[in-house]
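Trainee: One-letter residues, chain by chain:
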Amino acid sequence: MHNLTLGDELSMVQDTVRKLVQDVIEPAALEHDEHRRFHAGAFEALAETGLFGAAVAEDDGGAGLGLLSLVVACEELGRACGSSGRLFATQAGTAALSLAGLASAAEVLESVLTGEKLCAFVGPEHGVCAEVDGSGAKLSGFARYVTGAAEAGVVVVAASLGDGPVLCVVEPAAAEIAPQDQGLGFRASGPASVTLDGAAAQILASGDEAHAAIARAALATDVGAAALAAGSAFASVDLGRRHAGERIAFGKPLARQQAVGHKLVEGMRRAEAARQLVYQAARVADGGGDAARLAALARLTAVDAAVHAADESIQVHGGFGYTVEYHVERHYRDAKTLEVLDGGACAARDVLASSLGSGA
Amino acid sequence: MHNLTLGDELSMVQDTVRKLVQDVIEPAALEHDEHRRFHAGAFEALAETGLFGAAVAEDDGGAGLGLLSLVVACEELGRACGSSGRLFATQAGTAALSLAGLASAAEVLESVLTGEKLCAFVGPEHGVCAEVDGSGAKLSGFARYVTGAAEAGVVVVAASLGDGPVLCVVEPAAAEIAPQDQGLGFRASGPASVTLDGAAAQILASGDEAHAAIARAALATDVGAAALAAGSAFASVDLGRRHAGERIAFGKPLARQQAVGHKLVEGMRRAEAARQLVYQAARVADGGGDAARLAALARLTAVDAAVHAADESIQVHGGFGYTVEYHVERHYRDAKTLEVLDGGACAARDVLASSLGSGA
Amino acid sequence: MTDTLAGTTPQFVDFQLSETLTAFQAGCREFAESELAPHAAAWERNHEFPEEAIQKAARLGYLRITTPVEYGGTALGNLASCIMLEELNAACPAAGVTISVHNSLCCSLLANWGTEEQKRTYFPKLVSGEWLGAYCLSEAGSGSDAAALVCRARDDGDAWVLDGPKLWITTGSEAGLFLVFARTGEDRVKGISAFLVERGDPGVGIGKKERKLGLTASPTVEILLENVRIPKDRLLGEVGRGFNVALDTLDGGRLGIASQALGIARAAHDLIRDHLRTQVDAKGRSTAHQSAQWELADLAADIDACRLLTWRAAVLRDSKLPCGAKASMAKLKCSQLANRAARAAVSILGESGLAGPAEKLMRDARITEIYEGATDIQRLVIAREVLGG
Amino acid sequence: MTDTLAGTTPQFVDFQLSETLTAFQAGCREFAESELAPHAAAWERNHEFPEEAIQKAARLGYLRITTPVEYGGTALGNLASCIMLEELNAACPAAGVTISVHNSLCCSLLANWGTEEQKRTYFPKLVSGEWLGAYCLSEAGSGSDAAALVCRARDDGDAWVLDGPKLWITTGSEAGLFLVFARTGEDRVKGISAFLVERGDPGVGIGKKERKLGLTASPTVEILLENVRIPKDRLLGEVGRGFNVALDTLDGGRLGIASQALGIARAAHDLIRDHLRTQVDAKGRSTAHQSAQWELADLAADIDACRLLTWRAAVLRDSKLPCGAKASMAKLKCSQLANRAARAAVSILGESGLAGPAEKLMRDARITEIYEGATDIQRLVIAREVLGG
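Residue numbers (numbering that gives the first Met the number 0), protein chains in the order written: chain D, 0 to 359; chain L, 0 to 359; chain Z, 0 to 388; chain H, 0 to 388.
If you are wondering where the hints come from, they were derived from the structure by calculation, not from laboratory data. Warning: the hint list may mix true and false statements.
Capping the alpha-carbon separation at 27 angstroms, the derived lysine-lysine pairs in DSSO-like fashion look like this [as the list claims (entries may be wrong)]: (1) H/Lys124 <-> H/Lys231; (2) H/Lys55 <-> H/Lys118; (3) H/Lys282 <-> L/Lys251; (4) Z/Lys282 <-> D/Lys251; (5) Z/Lys231 <-> Z/Lys124; (6) H/Lys118 <-> H/Lys189; (7) Z/Lys231 <-> Z/Lys118; (8) H/Lys124 <-> H/Lys208; (9) Z/Lys189 <-> Z/Lys319; (10) H/Lys189 <-> D/Lys251; (11) H/Lys282 <-> Z/Lys189; (12) L/Lys251 <-> Z/Lys189; (13) Z/Lys124 <-> Z/Lys208; (14) Z/Lys282 <-> H/Lys189; (15) Z/Lys231 <-> Z/Lys189; (16) D/Lys116 <-> D/Lys18; (17) D/Lys137 <-> D/Lys116; (18) H/Lys189 <-> H/Lys231.
The following block holds chain D by itself, in its conformation from the complex (with noise of 0.2 angstroms):
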């Protein structure tokens, strides 16, 4: 039905990253997330389609199919794989919009557009402090689960000098890299710790540059988040529907049982209204209008849809859905580390507060 509104580029987005996920990405995701080893292969595959540019402008070297590019590829990568659309969003989203449009950052760009370098990204929520040090600067600070920071080739930096916001790029060489192997979900997204101390890095931008950057980096980065997890949130729907069809207790399937089926209609509720909010931040954004507010509500909400219809997939299927092979405990430990990273809900539900009046 979604595809009614999706023109013929976005539906070619759609079947390639569709085609990737079967034949690349869903059948390897379970032993990567599960030996917590970084799915090398989802990255290439996905270097290889071209589509780390497809929501930036042609003229910065991209296929220029706006943000709405964006959300269809996470909510298909959503669905199968966590750690490949964490992946995918940063460099796609979070790095590769920040950089297009700035003069300095050609180079970067270019390596991240083709996926020479896997860029990793230390969002201004980590409050990263820079001094100018002779042309460049030197940044000091600490982030903790950077998505992609243990296989890093670049690592864009949002910092403060002064009272001013700069984007950075630090080589991975100059920062003290620690891969987090223990932690909750994206296991396969080479989550690390980056230790700036005096770190050596070029500004990008300054100033209003900066700033402009910065947002596009934190919007790029909430559509992305939010279309990830309404692609959970119906994979587990799907999954969830799928074992309640098929598995028998009392003498009939499980979907018959009213409280089943009202559980898998809640998440899907949850799903739908998840996506709808994410393709209307990214058609408001793609038409040149301010899509802070919506893009954070539709994360919000495809977080909360997310870790929601996880529980209640795993809830649905019982003892199968605690183990490893029925992929919902895989959702709903990413769709619960998507909650928290990349400044977590309660912050986002704060600059909402402080910016009550200004939507509706």
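Dock chains L, Z and H against chain D, hints included.
Mentor: Chains L, Z and H in isolation, oriented as in the chain D frame:
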């Protein structure tokens, strides 16, 4: 922000309703509700705008603006006065759209579109039975809390005749109509019970034609209810925000309590999700797609949002919220009433559960 | 029923009420079912204060339950009070709150802070129900933030002169005695004193009556105090201790509303249960929707849990142990539950729930999360205790 | 600690534990904090069964708590068991479930259904911890619907021959004694019998080990039974009464998991509390987010309420009173609370909650809503009781 996606005609609908709300409906909403008095002025003023035909095709004597026009109008009405909104949604949505396109209903339809007659609608959930009686039918059954029935000039009934559906029209005099003036919500909408004890009726449609007419009514009912509820949810958030901005407690505005801000954000989040769902449902329907599932999801989401937002807004208002002058208690009652009417949320979930798999 | 239960023999052993309390509970329920339940809807519809029923309650001793024996009370204590209030409120929350305010806000303060003369003067009228008590703390500008009150009490030599309106006074239009908190100094907290004001004192008037979502048979009014001149001996407690007097009511008041909420929740649960019991097939098996049965099960569990929370706090209070956070837990959880249960009753009863007892429960329940400390205030109390701050 | 508490003197008076139980609780907490808490994360990471700690627990008598005194048990009863399990599970749910299954599923069934000879044979090994007990009811096709089991027990003259795999057996790979439910007839319910199977019986094998979201230090395995030939006297109870034997574990098992969930919820609450306590300004005032403080307050109230529900059911069971619906209420509410509390801990601790004790609690908690009767099964039990069906 939303107006970005409204065309000129829908913006005109919105402006018309807004003006009417401001001049006629809102100033009198509290009083009519409190005294459980039918809000005749609102109905007449709405009739004069010609908007009862907004969603009806031009061939059928309407303005051809589609369900989106119903959504736009109902959201505005829902912000101000649930009773007027519910009357409008029944007249311009449920009744008008069920009748539109039925050759034998042309006369009734005209009286509905002009507002010459207020039309009450007894939906299929009441299980009214029809028997053929000469060229017409006799109807037997009982329906509670039918919107507008106490003031109806005509009653349309979705009944069953043997195995199949029929759509009938009954003169109010042929039914036993008892005003229900002690009910929870929509107190100014003339709710009444309708007893049909072999009441003489004209059959407007039967078989597939009736099935389609009743499906149109159901879709319009859900879309209208969802839009009313979304509007109500936004209104509750707005009322709470205004109060929290003005009310000082412990030396600062209530709005600066994090818990208060988060309550309002959560209300806004749910309201926005509901709005996006109902707009999408209307867009899909207006594009010729099957929107029943989306409309049902939208209604569930919107009604939950409205009940929740009113509940939290009452809490933000403290003791003030428990009194009628602050309006939120009325939103609380009306929203909950909307959850129960037209078959109720539980039945909607049953239908969605039985069709799981057709969506997503 | 005249023996003092509190602090002597155990009231609650191995999760069973003592025999005395079990019998007391049965008596309360009988009164509620025969004298309140049949009339509650009509009182509500007509916005009619249930005066006669309150007088009957007085004759059964329900208006003297927190009053010491030496002043004509039964001093049954907090657990008995909670038991009684659950029963009364399950039938009629308007009567319930009237009695709760009378006992836990008015009589218990007089007992704890009054002079011997004040007690001898007022208790005879209060325990007999001749006078009902009202509690005048809130003002237009001070709700949760009670210390923000501005009503003035001026020392005029041989008298105090009180001036300034009080808002949201439960039973205000029906009461004979008002506990009034007024400002005797500038200090936000230490500038507040408490006074005993009689209905007949010149300058006392009834202002605006609130038009409310529910509890319409319990009048909530503005009390106008216009240069009300009262003798010096009407001061309750010491000058500047008014806020302490007010704080002294918190736990008892919260337990009263927790019990009210519990009664409402139970009534909603029973409505749902009775509705579902009618849904059986020819073999007597339930055909009730699973979703409705599950909701009923959840409510049953929560009602039991909330009752245990409430009774625990009451027993602690009867034992003179600190129970502030525990009373807040009871108020917090019971009031939320009452609202959830009443809304569930409306949903499950469907269109027949829109005009009948379910919708009244939903409207009545809503106030329990607001008065006697709104939900967030209860959370604040609990969080402070847990964090040790 | 060897005196029997159950059914003699009151255990719980005016919401206070008896002195004996208060001391017992302190002992359990000390053991949990010193012997379990420091190692729980490593056991979990390495999927390592905490064998040594379980042996220490055995030496403290924790594996004999439901066993009659005449067979070497302490027979402390259900309330004591709940107190103990809350403490152990707050530190290590893997150890907690091992001990819960051993006591409430294995030892209590042997006590209730075993012959004198069976008790004399097995209790010495069980109370000492030499053998751990496992409970083999579930199969691939029968979870909540236990009566759908297909594992066969064939009467072969002087022996029973058991055949068919059992799934999701807690402690299966570590146990010495298995209570096995198998089909001896076609009747869905009356065709089930219970048997005592030893780890060393030929044909008993350990199958697939489950890879789980949490509780990774508690092995959950398939138990393969391939033509396992056991003497006739290994039948537990009578032929065809197996389902009754299984039902007999319900209340005890549910109270065990309710207590496990309570321990997890409390651990999550304590994590949040300790985290927020670090957030103070220079004057020592809390700077913790209001939203986090409110969550903490809600959890504190719910934990108290859930504990009271659990203890009530345990005391009823100790008094040999019906407690089925009340045990289900405890299991229902505690398991939901454990999940909510653990998720809240992850949210409030933020990125530091993603890799540390909070996320482990979240993963461990999830099973409590599933095993020993999934949430909807508890609702079914309660609804039936309320509706009287």
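Trainee: With reference to the structure, classify each hint as holding or not holding.
Mentor: Verification of the hints:
1. Between lysine 124 of chain H and lysine 231 of chain H, the direct Cα distance comes to roughly 21 angstroms. Compliance with the 27 angstroms bound is thereby established for this hinted pair.
2. At roughly 23 angstroms between alpha-carbon atoms, lysine 55 of chain H and lysine 118 of chain H fall within 27 angstroms of each other, so this suggested pair holds.
3. Proximity of lysine 282 of chain H to lysine 251 of chain L is assessed by CA-CA distance (about 21 angstroms); at most 27 angstroms being required, the pair is judged to hold.
4. The straight-line distance between the Cα atoms of lysine 282 of chain Z and lysine 251 of chain D is roughly 21 angstroms, inside the 27 angstroms bound, and the hint therefore holds.
5. Between lysine 231 of chain Z and lysine 124 of chain Z the CA atoms are separated by roughly 21 angstroms; this keeps the pair inside 27 angstroms, and the hint holds.
6. A hinted pair counts as satisfied when its Cα atoms are at most 27 angstroms apart, and lysine 118 of chain H with lysine 189 of chain H qualifies at roughly 25 angstroms.
7. Proposed proximity of lysine 231 of chain Z and lysine 118 of chain Z is supported: the alpha carbons are some 15 angstroms apart, at most 27 angstroms.
8. For the hint linking lysine 124 of chain H to lysine 208 of chain H, the alpha-carbon distance of about 25 angstroms falls within 27 angstroms, and the restraint holds.
9. Of the supplied pair hints, the one linking lysine 189 of chain Z and lysine 319 of chain Z holds, its CA atoms being roughly 25 angstroms apart against a limit of 27 angstroms.
10. For the suggested pair lysine 189 of chain H and lysine 251 of chain D, the alpha carbons sit about 21 angstroms apart, so the restraint of at most 27 angstroms is met.
11. Proximity of lysine 282 of chain H to lysine 189 of chain Z is assessed by CA-CA distance (about 23 angstroms); at most 27 angstroms being required, the pair is judged to hold.
12. Distance hint between lysine 251 of chain L and lysine 189 of chain Z is fulfilled; the C-alpha atoms sit about 21 angstroms from each other, no more than 27 angstroms.
13. For the suggested pair lysine 124 of chain Z and lysine 208 of chain Z, the alpha carbons sit about 25 angstroms apart, so the restraint of at most 27 angstroms is met.
14. Of the pairs offered as hints, the one joining lysine 282 of chain Z and lysine 189 of chain H holds, with about 23 angstroms between alpha carbons and a cut-off of 27 angstroms not exceeded.
15. For the suggested pair lysine 231 of chain Z and lysine 189 of chain Z, the alpha carbons sit about 19 angstroms apart, so the restraint of at most 27 angstroms is met.
16. Under the criterion of a C-alpha separation no larger than 27 angstroms, the hint pairing lysine 116 of chain D with lysine 18 of chain D is consistent with the structure, at around 23 angstroms.
17. This hinted pair checks out: lysine 137 of chain D and lysine 116 of chain D have alpha carbons roughly 22 angstroms apart, not beyond 27 angstroms.
18. At most 27 angstroms may separate the alpha-carbon atoms for a hinted pair to count; lysine 189 of chain H and lysine 231 of chain H meet this at roughly 19 angstroms.
Violated hints: none; the structure is consistent with every hint.
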